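J.: Here is how the chains run, residue by residue.
Number of protein chains: 2
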Amino acid sequence: MAGKLIIIGGAEDKERDCEVLKEVAGAAGGGRGRIVIITTATQNPRPAAKKYMKIFQRLGVGDVRAVEIESRQDASGPKALDALKGTTCVFFTGGDQLRITSILGGTAMGGALKELFERGLVIAGTSAGASAVSSTMIVTGDEEDSPRKCTVKMAPGLDLLDGCVIDQHFAQRGRIGRLMCAVAQNPHVLGIGIDEDTAAVIDEGRLKVSGSGAVTVVDGSTLSFSNVSETRPDQPLALVGMTIHVLPRGYGFDLIQRKPIYFKPQEDENENTGEKDIQGQEHLQSQPGNKA
Amino acid sequence: MAGKLIIIGGAEDKERDCEVLKEVAGAAGGGRGRIVIITTATQNPRPAAKKYMKIFQRLGVGDVRAVEIESRQDASGPKALDALKGTTCVFFTGGDQLRITSILGGTAMGGALKELFERGLVIAGTSAGASAVSSTMIVTGDEEDSPRKCTVKMAPGLDLLDGCVIDQHFAQRGRIGRLMCAVAQNPHVLGIGIDEDTAAVIDEGRLKVSGSGAVTVVDGSTLSFSNVSETRPDQPLALVGMTIHVLPRGYGFDLIQRKPIYFKPQEDENENTGEKDIQGQEHLQSQPGNKA
Numbered sequence: 001m002a003g004k005l006i007i008i009g010g011a012e013d014k015e016r017d018c019e020v021l022k023e024v025a026g027a028a029g030g031g032r033g034r035i036v037i038i039t040t041a042t043q044n045p046r047p048a049a050k051k052y053m054k055i056f057q058r059l060g061v062g063d064v065r066a067v068e069i070e071s072r073q074d075a076s077g078p079k080a081l082d083a084l085k086g087t088t089c090v091f092f093t094g095g096d097q098l099r100i101t102s103i104l105g106g107t108a109m110g111g112a113l114k115e116l117f118e119r120g121l122v123i124a125g126t127s128a129g130a131s132a133v134s135s136t137m138i139v140t141g142d143e144e145d146s147p148r149k150c151t152v153k154m155a156p157g158l159d160l161l162d163g164c165v166i167d168q169h170f171a172q173r174g175r176i177g178r179l180m181c182a183v184a185q186n187p188h189v190l191g192i193g194i195d196e197d198t199a200a201v202i203d204e205g206r207l208k209v210s211g212s213g214a215v216t217v218v219d220g221s222t223l224s225f226s227n228v229s230e231t232r233p234d235q236p237l238a239l240v241g242m243t244i245h246v247l248p249r250g251y252g253f254d255l256i257q258r259k260p261i262y263f264k265p266q267e268d269e270n271e272n273t274g275e276k277d278i279q280g281q282e283h284l285q286s287q288p289g290n291k292a
Numbered sequence: 001m002a003g004k005l006i007i008i009g010g011a012e013d014k015e016r017d018c019e020v021l022k023e024v025a026g027a028a029g030g031g032r033g034r035i036v037i038i039t040t041a042t043q044n045p046r047p048a049a050k051k052y053m054k055i056f057q058r059l060g061v062g063d064v065r066a067v068e069i070e071s072r073q074d075a076s077g078p079k080a081l082d083a084l085k086g087t088t089c090v091f092f093t094g095g096d097q098l099r100i101t102s103i104l105g106g107t108a109m110g111g112a113l114k115e116l117f118e119r120g121l122v123i124a125g126t127s128a129g130a131s132a133v134s135s136t137m138i139v140t141g142d143e144e145d146s147p148r149k150c151t152v153k154m155a156p157g158l159d160l161l162d163g164c165v166i167d168q169h170f171a172q173r174g175r176i177g178r179l180m181c182a183v184a185q186n187p188h189v190l191g192i193g194i195d196e197d198t199a200a201v202i203d204e205g206r207l208k209v210s211g212s213g214a215v216t217v218v219d220g221s222t223l224s225f226s227n228v229s230e231t232r233p234d235q236p237l238a239l240v241g242m243t244i245h246v247l248p249r250g251y252g253f254d255l256i257q258r259k260p261i262y263f264k265p266q267e268d269e270n271e272n273t274g275e276k277d278i279q280g281q282e283h284l285q286s287q288p289g290n291k292a
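Chains A and B are the protein sequences, given in the same order.
Quick note on the working numbering: the first sequence kicks off at 1 and runs consecutively.
Quick note on the working numbering: the second sequence kicks off at 1 and runs consecutively.
Same shape as in the complex, but just chain A:
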């Protein structure tokens, strides 16, 4: 059974509630967990490693270490595979997602990550580390502008999550235009935009939102028309009928059925936390505390 993915939108709280990083610490096994921090995305690995080691130790993770993988040689050597032994969770720091894929893709470490993930390894990543996990990833693109075709550049990702394209620092950097453009290029793909200090926790095809912002899902299955294949590179796109869901903490998404989920909060000890599919009126009436 494949492991859990914890995809973080960047700038996660490291000093107050630390909700998102606690999610990682918990998934890693807490006191019995071992987190390996991979700093490949950044060209400044030591401060990043130090920062996350301190936080995860403070959050009670039993064993936290960092491994410097700066080149394909590093990713092919014994140091890399040794680092993964006995690891319960790998954590990718931020930087440039193209560094992650161009350095790890096709190496022994890249292969081992995928295999261990399929056997239950938790993989977490923030910012660039979030974007890199899907089959196709966004490398770069204009922000804060209407969708324009050629400003979104995509490339193959680490292939740990099928059928989705991920973007991060989402609301804060005005990236919905580029995510809609990515989805328009193949509307079969689901766009997942993650705000800062927010995580999408993905397990067995179901996504759950954690943190203070929202996860925006861009669903192109209702897209009745786009001119993405006809426009010149700098022209704004026409997109007709894109469906958008904005999901904060307490909500989630069934990636297979493409339906939002509501996670009922646990109101007393005897009550089970449950989840409900959001089905309009029936759901609203059954929500705790809701007016009939």
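The hints are simulated quantities; they were obtained by calculation from the structure and are not laboratory data.
Any given hint could be a false lead.
Since the list gives no way to pick out one identical chain from another, each pair is judged satisfied if it fits inside one copy or across any two copies.
[As the list claims (entries may be wrong)] Cut-off 25 Å, straight-line C-alpha distance, at most; resulting in silico cross-link-like pairs (DMTMM-like, lysine to aspartate or glutamate):
(1) Lys22 - Glu143
(2) Lys85 - Glu68
(3) Lys259 - Glu204
(4) Lys114 - Glu230
(5) Lys54 - Glu115
(6) Lys259 - Asp96
(7) Lys259 - Asp219
(8) Lys14 - Asp96
(9) Lys79 - Glu23
(10) Lys54 - Glu19
(11) Lys51 - Asp17
(12) Lys22 - Glu70
(13) Lys114 - Glu68
(14) Lys22 - Asp234
(15) Lys51 - Asp219
(16) Lys153 - Asp203
Here the structure is a predicted model, which means the values were calculated and not measured.
Given the coordinates of chain A, work out where chain B should sit on it, guided by the hints.
T.: Only chain B this time, still in chain A's reference frame:
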């Protein structure tokens, strides 16, 4: 028959193609037109008046004048009503939309504008001047953030356009979150977000896009759920099933039927310009130049 509305997203080109301002000049009647510039939105009216008078004169408008309406007394006095006599087009400059409504609303000038509009007066506005024309207008709200209920403040607008809420500087200021929030509060209302250097030209219930950016339509009729009435003011909203259309030049929207429109470009003299409803595959095959 009601007049035309030309709603501009701000920062319209004033030096090169001037496509959007030419749209206004043309609608005003060109050499036989009379444009009155109303600078009420800004606390610095004279430079704004001068700027637009120069441009419209350069674009060939026969008669261009500005009227300073700085107070409700101004808007109630004879100067205001005299200024509107014989006018073919009123142009609202940018600034603060609340100045427009709080100064003009309920005065003789406010009433005259509505009446003349219903008899064919063209009303154009940029930036704040665009937001002010609808029944309910956005006053302010957070930008570049996930939708949050209480950061969107709305107030009654000039009531020249029913059933829509307008936002401007749209892509450039990351305002889709606040527009989705406004629509969630009453999903009957259509959200219309206009980018910089872009205009929505609205006539007889049909919107046509002009300029270099896009008009984003946020249609809440498919919204199956939102928690807008339950959340605390600063909590991010959950929105399920919002429909988004992004429409650049050459496209439009039927505001009554809530359907996008494609305006077929005129390819030769004998061919009529036409418009088509965008209906997915049938439309794609009938589009000029499109691969079958």
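J.: Indicate, hint by hint, whether the structure satisfies it.
T.: For each hint, the structure was consulted:
1. Lys22 - Glu143: neither (30 Å within a copy, 29 Å between copies)
2. Lys85 - Glu68: within (15 Å within a copy, 76 Å between copies)
3. Lys259 - Glu204: Within one copy only: 14 Å inside a chain, 37 Å across chains, cut-off 25 Å.
4. Lys114 - Glu230: For Lys114 and Glu230, neither the intra-copy (37 Å) nor the inter-copy (42 Å) Cα distance is at most 25 Å.
5. Lys54 - Glu115: Neither. Shortest intra-copy (28 Å) and inter-copy (68 Å) distances fail the 25 Å Cα cut-off.
6. Lys259 - Asp96: neither (31 Å within a copy, 40 Å between copies)
7. Lys259 - Asp219: both (10 Å within a copy, 19 Å between copies)
8. Lys14 - Asp96: within (21 Å within a copy, 38 Å between copies)
9. Lys79 - Glu23: For Lys79 and Glu23, the Cα distance exceeds 25 Å both inside one copy (28 Å) and across copies (66 Å).
10. Lys54 - Glu19: within (16 Å within a copy, 56 Å between copies)
11. Lys51 - Asp17: within (17 Å within a copy, 52 Å between copies)
12. Lys22 - Glu70: neither (27 Å within a copy, 55 Å between copies)
13. Lys114 - Glu68: Classified as within: same-chain Cα gap 19 Å, cross-chain 68 Å, threshold 25 Å.
14. Lys22 - Asp234: between (42 Å within a copy, 23 Å between copies)
15. Lys51 - Asp219: Cα proximity of Lys51 and Asp219: none, with 36 Å in one copy and 44 Å across.
16. Lys153 - Asp203: neither (28 Å within a copy, 38 Å between copies)
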